[in-house]
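Chemist: Knowing the structure of chain B, use the given hints to seat chain R on it.
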Amino acid sequence: MEGFSAIYIFMLAAFTGYEVIARVPVILHTPLMSGSNFVHGVVLVGAMVVLGNADPNSPLQLTIGFIAVLLGAANAAGGYVVTERMLAMFKRDDRKGAAK
Amino acid sequence: MMAKWLIDVAYFIVAVLFILGLKAMSSPVSARRGIVWAGAGMVLATVVTFLTPEMRNFGLIVIALVLGGVGAWWSGKVVKMTDMPQMVAIYNGMGGGAAAAIAALEFARGEIHGPVVTTLATLGALIGAVSFSGSCVAWAKLQGVMKKARRLPAQNFVNIVLGLAAIGFGVAIVLTGEPAQIITFFILSLVLGAVLTLPIGGADMPVVISLFNAFTGLAVGFEGYVLGNPALIIAGIVVGAAGTLLTQLMAKAMNRPLTNILFQPITGEAQGGGNIEGTMKELSGLDAAAMMRFAQKVIVVPGYGMAVAGAQHKVWEMAQLLEKEGVEVKFAIHPVAGRMPGHMNVLLAEAGVPYDKIFDLEEINAEFPLADVALVIGANDVVNPVARTDKSSPIYGMPILDADKAQNVIVIKRGKGAGYSGIENALFFEDNCRMLYGSAQQAVADVISHIKAMAA
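Heads up: the protein sequence lines correspond to chains B and R, in order. Position one of the first sequence corresponds to residue 13 (the working numbering), numbered consecutively onward. Position one of the second sequence corresponds to residue 630 (the working numbering), numbered consecutively onward.
Excised from the complex, chain B in its bound form (with noise of 0.2 Å):
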């Protein structure tokens, strides 16, 4: 990637971030939180791409990469669960009508 649209990217994804949290409730911190702990799982692509590349013949590659991959999906598989989990939660007050 070039060096300076890959400056670009970083800057506009850092305001983003910024924005999309900054008027969250507070009941929605922890959920929020989990929730951005599953999207950095994505990691878990750059891990399948680096162990896809480690050399065949090299048990040192070979074992660092499978880490890589397994502790990636594990921060995804975990991180979406448990968010799911919480915002399962959320539902209004039932006795105005309104359901979950």
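Bear in mind the hints are in silico, worked out from the structure with no lab data behind them. Hints should not be assumed to be uniformly reliable.
Unchecked claim - Stretches of chain R that chain B covers, calculated by requiring three or more beta carbons in the stretch to come under 8 Å of a beta carbon on chain B:
hint	region
1	849-860
2	974-981
3	1029-1040
Note that CB positions come from ideal geometry on N, CA and C, so glycine has one too.
Modeler: Chain R only, in chain B's frame:
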């Protein structure tokens, strides 16, 4: 070429899904939709990555993917709601570990060239490794595997030396890149994360977990640059920025600057002004029931003690009973109640408490003087008035719920000991405060039975 194009388009869609998902997650109404979108993005990203040209080792990839994915999925399904914070911590740490491992593998392959790429790879590795070992320690503490907050002698000095040494070896990697340097660098980074987290305890823990969450985001973003993968860059940096803001919000809610949390942890011994005049006055379940049954307005202040006792369902049952008798019941949540901001909201939501009955500190504090009863269940430091008055107290300046300003205060508490941070609570000695001893579960069940008897 076709595959490359397809992957680029897919990663673009993934980035959009992640951002929209996070945005949706910032409002209670759309939050569930948000995680589904982000989840769809993750599935798309994973599937399309298999099309990457010149990939090998598919067998290993699939095995690692299934092992890690299924293991974490299962553990996430079975964990209790009260144990959520440490699960978030450990999954987050794994993400950081993955980022560090990516850097390690790229170093091992000798595929990192140029000072900019090497610097970012090293920086990502440092942050990722710190996040990994730090999160593991955080998990161990919250899980109760590691009981006490431990302060090394000259803790801050050790932190600084370790930090500088890790950075020094990082610079050496950029300049020369010997294998020995790389190995030392990784070991130092891992030790740094663990040592940094060891002395931190109590209410500071959630802030640290959030900080590590932001760290992992940054690490992922940097490794994304190394791999030239825009999905990693965007998701990583967005989370890095969002996590940093979230960490600041949490630190602000406790009125503890982040530097204090990291370098001047609250410890049990460090209590100032421990001598509080007066005695604690006990009351019976019957009296408590009568007080609330004939009140106009009751504000419930739940704390972690209630959650541990699993009493939130009972508390909500009691609140519904009181409402039937015409009592106005509200729930007041301190920003750091539970073990993470919003954790208590989640626990109450689990019990079925509608979120329009749950109020933040700023919303509810003015209402305490108008309340007949403030019912404090398993909360301690967050209602301790010394935070307002006693400059020598470690929690001085932390915003608290003004439960002491209610006409009457009932505190349900297991025993007479001090709170999680080990600080005596002046509220318990106030004239308008009565103690109802017992586990939250039992005490509330007792109160419920008395309220029912009165209604009959």
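Chemist: Each hint should be assessed against the structure and marked as holding or not.
Modeler: Do the hints match the structure? See the list:
{"no.": "1", "hint": "849-860", "in the structure": "holds (count 10)"}
{"no.": "2", "hint": "974-981", "in the structure": "holds (count 4)"}
{"no.": "3", "hint": "1029-1040", "in the structure": "violated (count 0)"}
Violated hint: 3 only; the structure is consistent with all others.
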